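There are 2 protein chains.
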Amino acid sequence: MTPDRYYLGVDGGGTKCRARLRAADGTLLGEGLGGPANIRLGLDRAWSSILEATHAALAQAGLDPSIFPRLHVGLGLAGIVTPTDSIRTRAAGPAFACLAAETDAHAACLGAFSGRDGAILIAGTGSAGYALIGGRGHAVGGWGFEVSDEGSGASIGREAIRLALRAHDNLAPETGLTRQIRDRLGGTPAAVVGWVNDAGPADYGRLAPDVLAHAAKGDAVACSIISGAAKELETYIRHLHALGAPNLCLMGGLSAPLTPWLSPWARSLLVEPEGDALEGALLMARQAAPRDITQRPIAKSALP
Amino acid sequence: MTPDRYYLGVDGGGTKCRARLRAADGTLLGEGLGGPANIRLGLDRAWSSILEATHAALAQAGLDPSIFPRLHVGLGLAGIVTPTDSIRTRAAGPAFACLAAETDAHAACLGAFSGRDGAILIAGTGSAGYALIGGRGHAVGGWGFEVSDEGSGASIGREAIRLALRAHDNLAPETGLTRQIRDRLGGTPAAVVGWVNDAGPADYGRLAPDVLAHAAKGDAVACSIISGAAKELETYIRHLHALGAPNLCLMGGLSAPLTPWLSPWARSLLVEPEGDALEGALLMARQAAPRDITQRPIAKSALP
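As given, the protein sequences belong to chains R and U, one line each in that order.
1 is the number of the first residue of the first sequence in the UniProt record's numbering; add one for each residue after it.
1 is the number of the first residue of the second sequence in the UniProt record's numbering; add one for each residue after it.
Keep in mind that the hints were calculated from the coordinates and are not lab data.
Remember, it's a predicted structure, so these values are computed and weren't measured experimentally.
Be aware that one or more of the hints could be misleading.
To be verified - Covered stretches of chain U (in silico footprint by chain R; criterion: 3 or more residues with CB under 8 Å from a CB of chain R, positions within the stretch not fixed):
| hint | segment |
| --- | --- |
| 1 | 108-122 |
| 2 | 144-150 |
| 3 | 168-175 |
| 4 | 192-206 |
Idealized CB from N, CA, C, for every residue including glycine.
Make the full structure from the sequences, and use the hints.
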């Protein structure tokens with residue numbers, strides 16, 4: 001009898017990294033957590049976080065790194081943009097039975113559609129889309145809120161500030177939202193500018209719930225900002241669908257509050273994800289592994 | 001016979017500060033240059049620059065600081081936003097016969113219309129408007145390119161990058177401009193994002209001439225960016241006119257190239273400035289001075 005094969009999926013972002021270990025028959029053996037693993041933080045740092053999460057998952061299964069030669073690994077990591085990034089990442093890791101590395105969006109899309117064609121659109125602090133068509137990935141947007149990330153929380157917050165300052169200057173209508181935004185950021189335009197000087201995307205994004213709350217009450221400025229953001233997301237949805245994605249998962253903290261603002265057509269394309277990014281990374285590991293007679297599709301009941 | 005009065009006008013910005021000295025009859029006596037005098041850099045630094053420029057202007061006239069008790073001073077300084085800023089600025093300076101301090105926009109507007117009602121709109125790296133109506137100033141916009149400064153060079157450059165990335169993602173048309181912008185910033189979206197990470201308003205603003213050049217050749221994306229910027233400036237012009245400014249001076253590095261993109265109505269309001277910000281600061285000094293029998297309006301021939 002051949003020794004067991006193991007499959008490990010890793011989902012690594014800028015703040016943390018998660019690993020999930022499954023047996024060849026799909027049985028969940030363990031999960032683990034590690035530090036940040038965006039490869040822009042450096043490959044040493046990323047691999048240290050990946051191995052931290054891996055060791056924790058192995059420990060939960062009563063296993064240790066001696067199984068590495070039987071471990072098939074799939075990594076979905078933030079910061080992987082080009083094929084070269086993938087090659088460098090794999091070269092910097094230890095020896096496994098096999099190792100695949102793609103962007104975290106690829107893993108999330110694979111997991112959401114269990115490997116079938118589909119697309120995801122992330123609407124959180126930032127925004128980014130990814131479609132998987134016939135095994136090929138297509139990334140769109142997500143270049144950062146200064147010059148991209150339309151429809152994101154950061155974009156919503158920044159637009160709210162812009163209109164709050166225009167309202168102060170009598171260039172745009174003053175509403176409950178524009179007053180509240182100025183009040184929250186110090187009351188005067190000079191205080192608002194001081195706040196902006198130190199603000200990053202996450203700071204702008206933290207204003208999005210205020211805008212959503214005012215929009216829900218019919219505030220005209222808030223409604224125009226939120227419907228504008230929904231229109232931007234819809235541009236991405238139309239594009240991902242035109243690429244060939246029959247369905248789409250809207251993800252991220254703003255997916256639920258923004259969904260009702262989408263057109264009925266866009267909403268009709270939305271589906272819930274079947275699995276998470278870790279399941280996508282596990283699929284990558286299975287796809288990369290040499291064919292195995294014990295391999296079979298993961299039963300949906302085996303998903304978390 | 002009373003000892004001579006002298007009038008000094010100072011125009012201070014974030015990079016340099018200029019001073020102009022006139023006799024009571026308007027005769028030009030001297031000019032001088034100093035370092036940055038935006039009061040946000042600190043009042044010590046601002047005053048050190050102001051005095052550097054002042055001493056240089058006095059030296060050109062064969063005078064020295066012993067005339068300070070007969071010197072009437074007007075300061076137009078970047079960074080003065082509130083009356084408190086003006087009071088703090090004056091309190092930190094040496095003893096003059098009298099001392100007025102206002103924002104540099106106030107001095108520029110006073111100089112441009114020789115003290116009559118009017119407005120200025122600055123379109124350079126940033127954008128900002130200022131109207132002077134019956135002696136009262138009204139500032140509008142100019143809160144920085146992250147959340148304001150519509151129609152500015154920085155806004156034009158940032159929009160060009162945004163559309164260059166959208167063109168790469170097949171979300172917007174690809175033109176000569178979008179290709180050139182990506183090529184200039186490293187060729188790949190990843191390189192563009194790297195450039196954006198280190199970019200400030202001046203860096204974005206340096207892309208504006210490329211956009212203008214492509215717009216002049218009919219590039220569709222460039223034309224949409226530039227006509228959008230002109231529309232934003234026109235919103236300011238309409239607002240400043242509605243406040244009561246009969247005419248308007250468009251100033252800054254983008255005023256000449258953007259003027260042809262304004263509507264005939266907006267262009268019909270534009271006039272050339274009669275004097276510069278130093279003349280405005282000199283007017284502030286005269287207005288602040290106790291009435292003087294030798295005082296008379298500055299002859300236009302005395303202007304530079």
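Here is how each hint holds up against the structure:
no.	hint	verdict
1	108-122	violated (count 0)
2	144-150	holds (count 4)
3	168-175	holds (count 3)
4	192-206	holds (count 5)
Comparing the model with each numbered hint stated earlier shows that hint 1 is the single one that does not hold.
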